[in-house]
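Colleague: Knowing the structure of chain A, use the given hints to seat chain B on it.
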Amino acid sequence: MSIKYQSQKIAEHFYTFAVILFLVQVIVGIIAAVQFIKPDIFILNFNTIRTLHINAMVVWLLAGMMGATYYVVPEESETEIWSMPLAKFQFWATVVATTAVVLGYIWMGLNPQANSPIMGITPLNEGREYIEAPRWADVLIVISVLTFLFVNFMTMLKTKKWTGIQGTLIGGLTFLALMYLPGMFYTKSMVKDQFWWWWVVHLWVEGAWEVIAGALLAFMLMKVVGAKREVVEKWMYIEVGFVMFTGILGTGHHYYWIGTPGYWLWVGGIFSSLEPLPLLFMVWDAFRTTRDARNVENRAGLYYTVAHAIFNFVGAGLWGVIHTLPQVNKWTHGTQITTAHGHLAFYGAYVLLVLSMIYITLPAIRGVKEFNSSRAFASFWWMTISMVFIVLTITGAGMVQTYMERLMGLDYVAVKANYNLWFWILRAIFGVGFLYGVWIFVLDFFKLGREPMPAAIPGIEKA
Amino acid sequence: MTNKAARNLFIFGSLFFFVIFLGLTFDTMGKLDKRAPEITEKVNAGKMAWHKYDCIGCHTILGNGSYFAPELAKITEKKPKGYLKQFLMDPKAVNPGASMPKLGITSEEADNLLTFLDWTAQVDTNGWPPKPILASAVGAGGKESSAGQRLYQSMGCSGCHMINGIGGTTGPDLSRVGSTRDRAWLAGHFRDPQAYVPKSAMPKVEAPDADIEQLTDYMLTLK
Numbered sequence: 001m002s003i004k005y006q007s008q009k010i011a012e013h014f015y016t017f018a019v020i021l022f023l024v025q026v027i028v029g030i031i032a033a034v035q036f037i038k039p040d041i042f043i044l045n046f047n048t049i050r051t052l053h054i055n056a057m058v059v060w061l062l063a064g065m066m067g068a069t070y071y072v073v074p075e076e077s078e079t080e081i082w083s084m085p086l087a088k089f090q091f092w093a094t095v096v097a098t099t100a101v102v103l104g105y106i107w108m109g110l111n112p113q114a115n116s117p118i119m120g121i122t123p124l125n126e127g128r129e130y131i132e133a134p135r136w137a138d139v140l141i142v143i144s145v146l147t148f149l150f151v152n153f154m155t156m157l158k159t160k161k162w163t164g165i166q167g168t169l170i171g172g173l174t175f176l177a178l179m180y181l182p183g184m185f186y187t188k189s190m191v192k193d194q195f196w197w198w199w200v201v202h203l204w205v206e207g208a209w210e211v212i213a214g215a216l217l218a219f220m221l222m223k224v225v226g227a228k229r230e231v232v233e234k235w236m237y238i239e240v241g242f243v244m245f246t247g248i249l250g251t252g253h254h255y256y257w258i259g260t261p262g263y264w265l266w267v268g269g270i271f272s273s274l275e276p277l278p279l280l281f282m283v284w285d286a287f288r289t290t291r292d293a294r295n296v297e298n299r300a301g302l303y304y305t306v307a308h309a310i311f312n313f314v315g316a317g318l319w320g321v322i323h324t325l326p327q328v329n330k331w332t333h334g335t336q337i338t339t340a341h342g343h344l345a346f347y348g349a350y351v352l353l354v355l356s357m358i359y360i361t362l363p364a365i366r367g368v369k370e371f372n373s374s375r376a377f378a379s380f381w382w383m384t385i386s387m388v389f390i391v392l393t394i395t396g397a398g399m400v401q402t403y404m405e406r407l408m409g410l411d412y413v414a415v416k417a418n419y420n421l422w423f424w425i426l427r428a429i430f431g432v433g434f435l436y437g438v439w440i441f442v443l444d445f446f447k448l449g450r451e452p453m454p455a456a457i458p459g460i461e462k463a
Numbered sequence: 001m002t003n004k005a006a007r008n009l010f011i012f013g014s015l016f017f018f019v020i021f022l023g024l025t026f027d028t029m030g031k032l033d034k035r036a037p038e039i040t041e042k043v044n045a046g047k048m049a050w051h052k053y054d055c056i057g058c059h060t061i062l063g064n065g066s067y068f069a070p071e072l073a074k075i076t077e078k079k080p081k082g083y084l085k086q087f088l089m090d091p092k093a094v095n096p097g098a099s100m101p102k103l104g105i106t107s108e109e110a111d112n113l114l115t116f117l118d119w120t121a122q123v124d125t126n127g128w129p130p131k132p133i134l135a136s137a138v139g140a141g142g143k144e145s146s147a148g149q150r151l152y153q154s155m156g157c158s159g160c161h162m163i164n165g166i167g168g169t170t171g172p173d174l175s176r177v178g179s180t181r182d183r184a185w186l187a188g189h190f191r192d193p194q195a196y197v198p199k200s201a202m203p204k205v206e207a208p209d210a211d212i213e214q215l216t217d218y219m220l221t222l223k
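Going line by line, the protein sequences match chains A and B.
According to the working numbering, the stretch in the first sequence is residues 1 to 463, in order.
According to the working numbering, the stretch in the second sequence is residues 1 to 223, in order.
Here chain B stands alone, though its shape is the one from the complex:
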C-alpha cells in the first residue's frame, strides 16, 4: 500500500464511520423522549440542583460519575422519600455514620432533587442495574421464608436496614434486634417510629395489625 492510499483510507474511512455515528445519533435523539417520563419544570429544577451541588463529584447516576458514593438513578425506589429529604438537608442528623457533608440544600431544593431522581428511576435503561442474583434467590433454596420475612422483603425494609450483612446501611443494623427490643417496643415503633426514636427518619409502617404482628415475630427471631 502506498502512503497516499493509507492516508486516504484513514481520512475517508474515518468520515465513513463518523457519518454512520451521526445517523445513529439522529435516530437515538428521536427515541429518547419515549424512553423516559415527561420532563416537568420541577424535574428540571432538580437537575439544576444536581449540577449546582456537583453531586456527580462523589456519586454515580446511570452508572457514570465518581464511584465514591452510591449510585442514585433508582434511589427513590429503594429508600423512603421522607428519609431521603431529611438526609439531603442534613445527612449526619439522620445517619451519624454518613460520609456526606451538610451542603446547605434547602427544603425546596431537596424536593426538586427527589422529583428529578424519581424521573431518572423511570428511564428505560435496558434492564440496568440487573437484580442481584443472591438477593433474588432468597427464600428459594429449599428453606421456606416466614410470613414476616416475606413482608420484610416486599416492603423493601432491606433498602435501609441490614440483616446478617445483607441490606442497606442507612438505618440501624437489625441482625440482633430481637435480643435488644421487646415485642411491645417493636410493634409500637412500627406504627409510630418518632414516638420511640425522636429524630428517626423512618416512615410509619402503614399496614394491618396482622402484618405488624408478623413483622414483629420476625424481628424477635433475630438474635
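Isolated chain A (complex conformation):
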C-alpha cells in the first residue's frame, strides 16, 4: 500500500497534532477525575482543567477530520492538492493559534483577573462551555477552516469528479463552519445565550460531525473491504439524510428547561427519540458490508471501523435516548447522566472514527504494505474496556444523584461528596487504564511502519 498523490502526506501533520492533543486530553482528564475526589489537589482549578479537557478533544478530533479530508479528497478527485503551501500554512496557523489559546486558559487559571473584560469582551476565555476560545481566536478559527475548505474545494474543482463521498464530506465540513458562527456574538439574555450555544454544540456533534462521520465511514468501508462505491454511497446518503432529519429538530431536546416555549418539549422529544435510528443503520451497514470480507489486509483498520459504528450507536444513540424524553429528562437534566452520555458518545462516534481513519490511511502514507497490528488491538481493548467502565461508573453516579438530589431532595454537595465518592474513585482508576491504552496507541502511531516486521513463523502460512 502506498499513496497515489504525494500531497496526501499532509494528513500525517494533522494526525500527529491530533495524537499529541489526545494524550494531553486524557492526562488532564485524569487530573479532573481526581479533583472530583480532592478539589484542591492541583495548581489549576477544575474549571481550567475541564476547559483544557474538552477543548483539546474538540481540536484534536477536528484536526483528525481535517487530516482525513486532506487524504480523501486527492484520492477521490484523482489529483494532487491544489496548493500545498496553503495547506501547510493552514496547519501551522492552527497549531500556533491553538497553543496561544491554551496559554491564555492557563494564564487565566493562575490569575482570574487577567480575564477582565476589555471593551466588553473577555480576552482569554469566553466563559462558555466548549466554545471558551476568546473572540480573537474565533476569528482565527474561522480563517483556518475557510482556508481548509477553500484548498479542498479547489482540489475538487481541478478534476470535477464530484463523487458522493467527497461531496458529502465537504458538505458536512461547510455546515460545520457555518454552525460555528451562532456562537460568535454576545447576548445579554442567558436564555438566548444558551439557545444559540446549542446551535453550535448540538448541530456540530449531532449534525455536521455525523455527516462527516458517515462520509468517512463510507470511504473506509471501500478501502478496507473493497465495497462497491454505488452501494456504499447510496447507504451513506440514506444514513446522513436520516441523521439530519432527526438531528436538526432533535436540537429541541436541549430547549426543554432553559426558558424556551413549551412546544419544544414535543418537537425535541419526538425527533430526538428517533436520532438513534440512523446510527443503527450505520451499524447494520458496517456489518453487512464487512461480513463476507475475506483476505482483509488491514485487520486493525477493519476492527476500528466496525467498533466506531457500534459505539457510535451505543454511546450517542442508546446513552442519549435513555434520558431524552422530557418526562425523564425533567429529573436527569444537568446530572452526571449527561456526563456519561457525553463520554461514550464522543469516544464511539468520533475518537474511534479518527483512530480508524489513522489506521486505514497511515500505512499508505508511510508506504508499508503490512504492519504489526498487535499494539493496535492492545490499545483498542485497553481504551474500550476502560471507557465502558468509566461510563458505567458515571452512569451509576448519575442514577444516585438523580434519585437522591432530584427525587429525594438531598443537597448536591452531600450527594457528590458522600454517596458518590466510590464512583469517583473507580472512575479515576479506569481513567488510568484508558491512559494506558492511549499510550500504547501513541507509541504505535509513531512506530507504525518504522520498525522491521517480526519474522514470519515458519510452517504457518497465511490463510
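Zero decoy hints are in this set.
Chain B stretches covered by chain A per the calculated footprint, using a threshold of three residues with CB under 8 Å from any CB of chain A:
| # | segment |
| --- | --- |
| 1 | 20-28 |
| 2 | 41-52 |
| 3 | 56-66 |
| 4 | 99-113 |
| 5 | 153-166 |
For each label pair, taking beta carbons as the anchor points, the in silico distance ranges come out as:
| # | chain 1 | residue 1 | chain 2 | residue 2 | range |
| --- | --- | --- | --- | --- | --- |
| 6 | A | I385 | B | P37 | 47 to 57 Å |
| 7 | B | G188 | A | K38 | 30 to 40 Å |
| 8 | A | K38 | B | L134 | 29 to 39 Å |
| 9 | B | P96 | A | W439 | 37 to 47 Å |
| 10 | A | Y403 | B | P96 | 21 to 31 Å |
| 11 | A | V432 | B | D192 | 48 to 58 Å |
| 12 | A | F89 | B | G127 | 45 to 55 Å |
| 13 | A | F185 | B | G13 | 27 to 37 Å |
| 14 | B | I133 | A | K228 | 49 to 59 Å |
| 15 | B | D192 | A | K38 | 34 to 44 Å |
| 16 | A | L280 | B | P130 | 30 to 40 Å |
| 17 | A | D40 | B | P208 | 41 to 51 Å |
| 18 | B | P130 | A | D40 | 31 to 41 Å |
To be clear, the hints were calculated from the coordinates, so they are not data collected in a lab.
Just so you know, even glycine gets a beta-carbon here, dropped at the ideal spot from N, CA and C.
Modeller: Chain B only, in chain A's frame:
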C-alpha cells in the same frame, strides 16, 4: 432507489427540516423576552462577571455546564443573599468545607452576580427543576409536624442546614444541635447570629418572639 434519488432525499430533506427549525427559532426569539424579567444594566454586568470567572467551568446554570458544582439558576431562592455575597468573595471564610477557591470577586461584582442570578431564578423554565418528591411529602405521612418544624420548612432553613441527611451543606449540620446548645444560646443566636459566632454568614431571623420560641423548641428535640 437510485443513488441520485438518495442524494436528493438527503439534500432536500435536510433543507426542509432546517427551514422548519429556522421557523421555530424565529418564533421562539419573539417569545423569550416575555418569559423572563427585564434585563437591566446590572443583570448584564452580572452576566459579564459570570463569563469573566468562567463559572460554567464548574457549575451548571439552567442545567447546562460542568456538573462539578451546584446548579445556580435558582440559588438566590434557596440561600440568603448576605451569605451568598460573603461566599462569592471568600468561600472558605464562611464555609470551611467549601471546594470553591477564592477568585478575587469584588464586592460590586458579587452584587452584580446576585442580581444576574435573581434574573435567572425568574425565568419561566417549564417547571424545571421539579420539586423533589420526598421533600414535598414531608409531614404528609400520617405524622403531624410540629409548629417549629413547619417554620423551619417555610423559612427555607434547609437550604443551608441539614437535619438527618436532608438539607444543604453550607451551614452547620443541625441533626444533633439539641444536645450541644441550650435554649438561651439557640434563641439568642436566632436573633443575632454574629453575636454568638463572629464570622457567621447567617442572616438574623426576623420573626416574632413566639416563632423564635417554637423554632428553639424544635432545635432542642434534635438530639
